[in-house]
Amino acid sequence: MNNQNQILGVFDDPDEVTAAVKELLRNDVQVQDVFSPFPIEHVWELLKLKTRIPYATFLYGVIGTAGTFGFLYWTSVINYPLIFGGKPTNSLSFIVIMFVLTILSGVIFTLATYLIREKMWPGKKASMPDTRSMDDKFVIVIDKHKNMDDDAILKINELLKKNGAVEVNMNNV
Amino acid sequence: MYNIKARGVLIEGNKRYHDITRDVTNPLLSKTTPTWWWIAAFISSAMLVWGIWGFYNTIVVGTGTWGLNNSVSWGWAIINFVWWIGIGHAGTAFSIFLLVLHQKWRTSINRAAEAMTIFAVMAAGMFPLIHMGRIWDGFFVFPYPNTRGPLWDNFNSPLFWDVMAISTYLTASFLFWYVGMMPDFASIRERTVSKIKKRIYGILSFGWLGSARGWLRFESAALLMGGLTAPLVVSVHSIVAMDFAAGVVPGWHSTIFPPFFVVGAIFSGFAMVLTMMIIVRKVYKYEEYVTQRHLDAIARVLTFVSLIMGVAYISEIFVAWYSDSPYEMFVFFKNRAVGEYSFEFWAMIIFNAIVPQLFWFKKIRKNITIVFIISILINIGMWYERFVIVITSLSKTWLPSTWHGYSPTITEIAIYVGTIGFFVFGILLFLRFLPMMASSELKGILKETSIVTENTENHE
Amino acid sequence: MEKKYWQSLEVYKEMKKNTASDKEAMPEFSIDGLDESEVKGKSSRRDFLKMMGFSVGAVALVSSCQMPVRKAIPLLNRPQELIPGVPNYYASTFYDGDEYCSILVKTRESRPIKIEGNDRSPISQRGTSARVQASVLNLYDDARLKGPVKSGKQNDWKTIDKDIKAKLETLKTDDKEVILMTSTIISPTTRKLIGDFVKSYPNVKWIQYDSLPMSAMRNANEANFGKAVIPFYHFENADVMVGFNADFLGTWLMPVTFTRQFSKGRKLKDGQTKMSRLYQFETNMSLTGSNADYRYQIKPSEEAAVLLKLYNVLAKKTGNTVFGSPSVKTDVNTAARDLLKAKGKSLVVSGTNDLQIQLIVNAINNLLGNYGNTIDLSTPINLKQGQESEMMQAMSSIQSGKAGGILFYNVNPVYDCVHKDNLVKALKKLPLKVSFAATMDETAQLCDYVCPDNNYLESWNDAEPVQGFYSFAQPTIRPIFDTRQFQDSLLSWLGAEQSFTDYLEKNWEKSLFPKQKDFTSFNKFWFKCKQDGVYSFAAKDGPQPSYKGVRLKAGKPMENTLELALYEKISMGTGKYANNPWLQEMPDPVTTATWDNYVTISPAFAKMQGLEQEDVVKINGKLVLPVLIQPGQAEGTIGIAIGYGRNHAGKVGDGVGKSVYGLMNVTNGTKNLLGTVVAMKKTSNTYPLALTQTHHVMEGRPIVRETVLGSFIKNPAAGNEEHEKFLKSEDFSLYPEPKFEAFQWGLSIDLNSCTGCSNCLISCQAENNVAVVGKDQVKRGRIMHWLRMDRYYSEMDDNPEVFHMPVMCQQCDNAPCENVCPVAATTHSDEGLNQMAYNRCIGTRYCMNNCPYKVRRFNWYEYVNNNSFDYNMNSELGKLVLNPDVTVRQRGVVEKCTFCVQRIQEKKLEAKADNRELRDGEILTACQQSCPADAIQFGNLLDKKSAVSKSNDTGRMYHLLESLHTLPSTSYLTKVRNKEA
Amino acid sequence: MIMSRFVNITRQKNIPLAAPLFLFFIFFLVAFSSFGQTPEAEKNFAQCKACHTIGGGRLVGPDLKGVTSRYPQAWLIKFIQNSQAMVKSGNKDAVKIFNEYGKIPMPSHNYTDAQVKDILLYIKNGGKLPAGSEVKKAAVKISASSAQKITPAERYLQEKREGSRNLAIFAIISGVLLVLSLLDLIFTRYLKAKWIHYVIILSALWIIGEWSYDFATGLGRQQNYQPDQPIWFSHKVHAGQNQIDCEYCHFTAETSMHAGIPPASVCMNCHTQVKKGKRTGKKEIAKVYAAIKANKPIQWIKVDNLPDFVYFNHKQHVKVGKLDCTECHGDVAQMDQIAQVKDLSMGWCLDCHRTHKVQFTNNKFYGSYKKLHEKLKAGKIDLVTVKMIGGEDCQKCHY
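Protein chains in written order, with this note's numbering: chain B, 1 to 173; chain H, 174 to 633; chain A, 634 to 1614; chain Z, 1615 to 2013.
Here chain B stands alone, though its shape is the one from the complex (with noise of 0.2 Å):
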């Protein structure tokens, strides 16, 4: 984060929000992020956001199926092969075990993925702009630069305004 401060419009309904957000984008104001009690899926579209999560995950999968045959059969087939109800060592049995661990590798590696990515941790200190996000209110924030005038902020404000903000805040961060 910046030290410098930020505007807040603060709304009351979803569909304000992706209204005001399309709206101050087609001003060429730059949305910093926009906080809001569930996701809205419209905002991530028009803010271009994307993540690359469902790549990691593949990943993730690929590298536990292989690594568990890879397990599987050192340990049955090199490392001390036992004969079990005459079967063949290298067993179809594998099977079961490599797609049970492909998902749980695939879950918490995708899950750390996530934590890291979000940079969240157990007691980390969560800095909101504006605290009842978490329950009603819609919170588009959007960067004060400090070459930005009074004009542009007020324009900003006036926008907001005008898409059903119910309110407009300053924020020192």
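Check the hints yourself; a few may be wrong.
Straight-line Cα separation of at most 27 Å, DSS-like style, residue types lysine-lysine; simulated pairs [what the hints assert, rightly or not]:
1. A/LYS1358 - A/LYS1053
2. A/LYS1372 - Z/LYS2001
3. B/LYS125 - H/LYS204
4. B/LYS162 - B/LYS144
5. A/LYS1578 - Z/LYS1989
6. Z/LYS1889 - Z/LYS1910
7. A/LYS949 - A/LYS976
8. Z/LYS1978 - A/LYS1577
9. A/LYS1578 - Z/LYS1991
10. Z/LYS1692 - A/LYS1157
11. Z/LYS1702 - A/LYS1540
12. A/LYS1412 - H/LYS507
13. A/LYS1408 - A/LYS1291
14. A/LYS1512 - Z/LYS1916
15. A/LYS907 - A/LYS1347
16. B/LYS119 - H/LYS458
17. A/LYS1139 - A/LYS1161
18. A/LYS825 - A/LYS798
19. B/LYS87 - Z/LYS1994
20. Z/LYS1984 - A/LYS1583
21. A/LYS1540 - Z/LYS1971
22. B/LYS22 - B/LYS155
23. H/LYS371 - B/LYS125
24. A/LYS1541 - Z/LYS1936
25. Z/LYS1985 - B/LYS87
26. A/LYS1408 - A/LYS1315
27. Z/LYS1702 - A/LYS1157
28. A/LYS800 - A/LYS786
29. A/LYS1372 - Z/LYS1985
30. A/LYS1577 - Z/LYS1985
31. A/LYS1412 - A/LYS1512
If you're looking for bench data, these hints aren't it; they were derived computationally from the structure.
As the structure is a prediction and not an experimental result, all values here were calculated from the model.
Given the coordinates of chain B, work out where chains H, A and Z should sit on it, guided by the hints.
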């Protein structure tokens, strides 16, 4: 999965976003604990203590304190294990299948159902543990590097698959459940005035912000985790089914078992969700969130699944007849239908395949008392199903000289009751300390599914 | 290495010398030759004295160390023959007053741990019985007296010798009779010694007392042949045998010998198609009856009439005198026809102690010309010499005050005589009562002095079970307690300086050595006898004495009465072994019941009376016993086993069952098990019976496959059609056929030879440290026997056919149990064994479920050092019987038959050390070793010439539940009954 | 990890030992080539050396120089195989010798006639062997000089023990540091640079983990166990300096599952004569006499322990497998106090079973393994390991 278009009102009572936050967090934030909670907690912990005695007795004296014998060497412990695992299927099935199928009516139920999953799987997990003759050597089931050669495990054993599947299932379900709760923890963190609670929920919320980017990654991760866990729902009970199906015991050795078990699990899980939600909506006055419509939807699912169960029973019997194997025929026509344990067999058929058919009638679906009773009957019926599979099959296998009956001892009963106590106690703790509905999800569907009167501009 | 039969006199003496002075170093007891101070600890898995010559124990945890300190205590002086960790075998003799068997005693670290059959004996021929197998445990019985007892208190030998000698002298001068009551004594040297004793104390009157006498047979032979003897039988020479209430395969006279003979006559090996036929007429369902080709049910009171009817039919056809007989329904024509066909090659026996009956039996055998062929009067059996008349005389002389003293040796009349109360009352009058009992039994309780006899494994002795066949007994351990052999007691009261050992040697030198011609020096002869354990003089085929006919008669059968038929159980016998937990827990081969006696009633009778299994009935208003429904029980009769209801047997045997000796039938002075008329009343109580089997028919499954001889001759694979079917479908496997490098161990069981005598059960139990679990656990279905004897009836009806089938781990190549163990505790070995690593097992019991044969056993409790299971494994003494080569299993692990892998490994190692290939037949599993019927073959399946391969290579071979494609290494051969289709 | 330890031991031990072994080997070769008796006789004679010399004068038993000419060969064979039997049977010569040498019985030996003949040949030739005595002296010298110093084996043990002690100390220190840095990180924030905390925490966790692993794998293991024995008995003196063959005392190693702790009577074979030790004087030997006098066996502490559920047979390994005692027990000849050198874990057993060559072609027993013989002949395999004949099976050791 049966796709119910539960259009229309899912949240009643003209709720607003703030009302949802309030309704969800108030039970946690209130300083007084309701009396019914104390009573229930007392009873369930008393049950738990009895169960702990059962554990103690088993570990100190030996597995001999159970009613098992050399022919029937799996008994109540395994029945209860499968039963609990089955119940533990509801949460994930709810959250994930219905999530994937875009069923909006899941939102007010899924959190509680997931909590149920966690505690049910934990309760289930106790049985394989205590069932071991040498629990102190139980770590042998994990293939860790050791100084014995190293000696690994038998990867062909369905029990080993079980260990993997259940620990994976528990881990994945727990993580999924926890991740889902993070936004709610954050909103409690922001709402509470108690410093201690703020600190605790603050830690639990991992510093959740609710930014757009955060929500995007959250949704993506949750969907991925859910998507990965979805096949687990199928695989866990399939693998549990393979414990039996991979055996040579007549009555076990059947290819129908995996799907049959999965369906059975969802059946019992949904029934248990129904039982629990009927109670919870009553005591927490959540009728506006868990509406008649929700219960109706579950009841319809149950009707459908019950039909599948019926078909499964019939096809099992048909296959036994069609196989022309005297051993198989004996199991179904002599041992189960008219044998020593025929009561359990018929109870299973009636409770699972026949009684739920009452749900065809709208009147019955509307009558919450009857729905509640039927949901409990289904749970009993599912318990009997596991009893029939485990006990009747084992008591009369290949060689008549080895036939032997089985009846449980007080220790086994204590352990079972103890796990029920554990489950109930766990659910009580969950209700008291954790958000029991996903407020963000509720808020997400609020606009589409509640009747909000238009003249609500002046909501200040 | 050749099996060693140690001659051990020198060693024994040396040991005695070495250990004489270190008594203090020994705790409660000591084992000869081993200076082991027992440092006891709890770390007992492969329990006890795993290490030889040094004992292992845990003292304390050393501060930083995780394991307890174990001590290794060597012998101070090692006897030459004693190699720690290597077993020694000593040839010896088992004789307990009823049964004789020549044995090898396996000792490890100088303690006997196992009894094996002695294959050099012409009498018992490597066979043993369950009681012989279990007898080793009696050596380590906690109930044994630790020293001589005077008036109930332990005392020392000096005092007691002085007292008794003085009393004997007084009685001698007073000319009061002293009765020496012994069991039948077959030791020629002991007989001589008793003769000497009687010579110096002429007032001593020696009588032999048998709890189940056979005086009628002796008397009948006296009447017919002028010789009061029991002839030797040759069942192997008989083509047709007819038995009347004679359980000669189970308990009658010499069951081990007779089983071997019987199975020899019925072996279908090497293309042989001849087989003898057995008719059995009996009241209770006996083991012999269960093996009979034709079985008829008769009431005890009918026996004489049926026999006479048989005689008359035969006599009519051969033109001999016909005697009038009461009419009976029982059909004897088939038997008579067969008997006539097999004239001179047939045999009729009756186990009933009734003169009339025995006379008819003799007459029939004479008619058929069996004397000299299947019955040999010239080499009579010396067992059962007791005459009831002697006992009656003794009783009257005690009662009249003529007698002043009584000595009991190896008898327990207070427990097992019919008129127990009279005896107890009479005994009180006697001033001198001495018992030589090893434990404080019912008789010893009433005696002033108890001079405990050594266990037979601690004693020198000899035996002459059959005239001309000598058998030798030598100690295999120094007396554990301060006990003294009966013979030594007599010698010391005679004032003789010499020990019985010397007496025995001298007697052999004087009386036996001159008779033989093989050896020139006595030392060599003596050595040979000790090494072999047996010596027989060339049987002289003397002429059979001529038959002198008598008038035959038979009483009229009773009607509308309930007749009681007492019987001897294979496990419990006359009750001597009541304190032996192995025998108590041995399931009866016919009823499969353990730990109890009960009233056997027929299903029809049960239905009529409204009785169900375990209902309690009252007999004659006093005796309260539960009911067991026994198909095959003759109508109008009930059966109860004797040998139960001991009150002073020890902690295991006290109060088990009820004593029924008082219900014996005494007519004309002979004691008879059969025929007492009783009244029975139902009560409202029930009493649990611990049966190992709860279901008794095969449900039409091809488990025991059988055929009749006629079909077998036409097609050796008759009755085994399932196997054909299986062979045709054998290609349907996903997995490759299992292949083995050099060995694939296989075991073959000939169901046609197996009589179900259950000797193998106890043999296995002794070899593999199998725990005893007690009645309650057996009832719960938790018996631990690795080898079980399955018994099926063809129907739960009044005259079923019976099948016996030993089932142990089948060592499947596609073992279902192996697949499901999560921790790899059970895997398949390189030699085709299904191996079980106990220390890896975590006890999920999945393998037990998945074993179709249900041969896996779970340790539900800790059976060692657990006061709840107060049997041999809970006593320091009892644990000495454990085999140090086999792990004692912990609670919570699964165990099962290993094909005696310790024996396989031992013999393989021997072959390796000798630099030679393993020979077929070298490895004998415990069950095979002592099988009197030779029904079990063990060997390498890969060797096509091995005995087991050969026996598998017949049409009779099949695998149990082969349709499951488990590919067992254990195979069964079909049962063939010699009857018309 | 365990394996690497195992390898270390072997290396450390073998290098310094190579020299005397090499000398001995040369002596061997010389003896073998010049006089033609089999090396087995040399080995067998090691047992005799405990009591006899060849031309070195009387020890416990007579000097064997010229013994072959004093008595007929048949008599000697009989006597060596079982002297007591001869004495008992009253053989005049035997009784004479018995009485002459303080009535100490010569233990009987399980040698075949051929083996005894070999030994006799060895004695006959060995008496004239100047090279032999020199080497022997040299060997004694080497070990005598090393007696003052710590032997490599003992040094290894000491190092191992110190190593694990050090690790434990490190673990404790790291634990303290870990707690301190955590406290500082959360509460006091004394150190501004947080990476220091992280480094400390991570390395502390590493050390504790290492120690826990070491501790956990050592649970139930007794490697380096070196208890004080009731008698200060030095294997270095007996097996090292005096070159007494292991099997002279542990005489059942080839015949039984147990190698056997020698009865005190075996000690007396020599110690009727040798009454004083160089280092301990009369004190320790006196304990043996006391035991004999009191007729109480000596309670030795068992060093190499296997769990009760493991069946181990010395006969299999020593007689059949022809393993050297040192392979499992370490270089006992260099230890004053015996310690457990190998960890005796199942992995250690299996490691040997997987790699060790079986006496496959030398022992007729293995003739049953026809397929392996064919493969060997065809050159498909160049050796047969224990594993190939089932050495990995559970029931080789557990039953």
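_Proposed proximity, H/LYS458 with B/LYS119 (alpha carbon, max 27 Å)_ = violated, 38 Å
*With a cut-off of 27 Å on the C-alpha distance, tell me whether Z/LYS1984 and A/LYS1583 pass.*
holds, 21 Å
*Are A/LYS1412 and A/LYS1512 close enough, with their CA atoms no more than 27 Å apart?*
holds, 25 Å
*Are the Cα atoms of B/LYS87 and Z/LYS1994 separated by 27 Å or less?*
holds, 25 Å
_Proposed proximity, A/LYS1540 with Z/LYS1702 (alpha carbon, max 27 Å)_ = Violated, because 34 Å separates the two Cα atoms, which is more than 27 Å.
*CA of Z/LYS1985 to CA of B/LYS87, is that 27 Å or under?*
Roughly 21 Å separates the two Cα atoms, so the pair holds.
*Keeping to a limit of 27 Å between CA atoms, is the pair of A/LYS800 and A/LYS786 held or broken?*
OK: A/LYS800 and A/LYS786 at ~19 Å, within 27 Å.
*Given the proposed pairing of A/LYS1139 with A/LYS1161, does the C-alpha separation stay at or below 27 Å?*
This hinted pair holds, its Cα atoms lying about 16 Å apart.
*Under the criterion that the straight-line Cα-Cα distance not exceed 27 Å, is the pair Z/LYS1978, A/LYS1577 satisfied?*
At roughly 20 Å apart (the allowed maximum being 27 Å), A/LYS1577 and Z/LYS1978 satisfy the hint.
_Z/LYS1692 paired with A/LYS1157 [C-alpha distance capped at 27 Å]_ = Between Z/LYS1692 and A/LYS1157 the Cα gap is close to 21 Å, so the pair holds against 27 Å.
*Given the hinted pair B/LYS162 and B/LYS144, is their alpha-carbon gap at most 27 Å?*
Holds: B/LYS162 and B/LYS144 sit about 19 Å apart, inside 27 Å.
*Is the straight-line distance between the alpha-carbon of A/LYS825 and that of A/LYS798 27 Å or less?*
holds, 20 Å
The earlier numbered hints that this structure contradicts are 1, 11 and 16.
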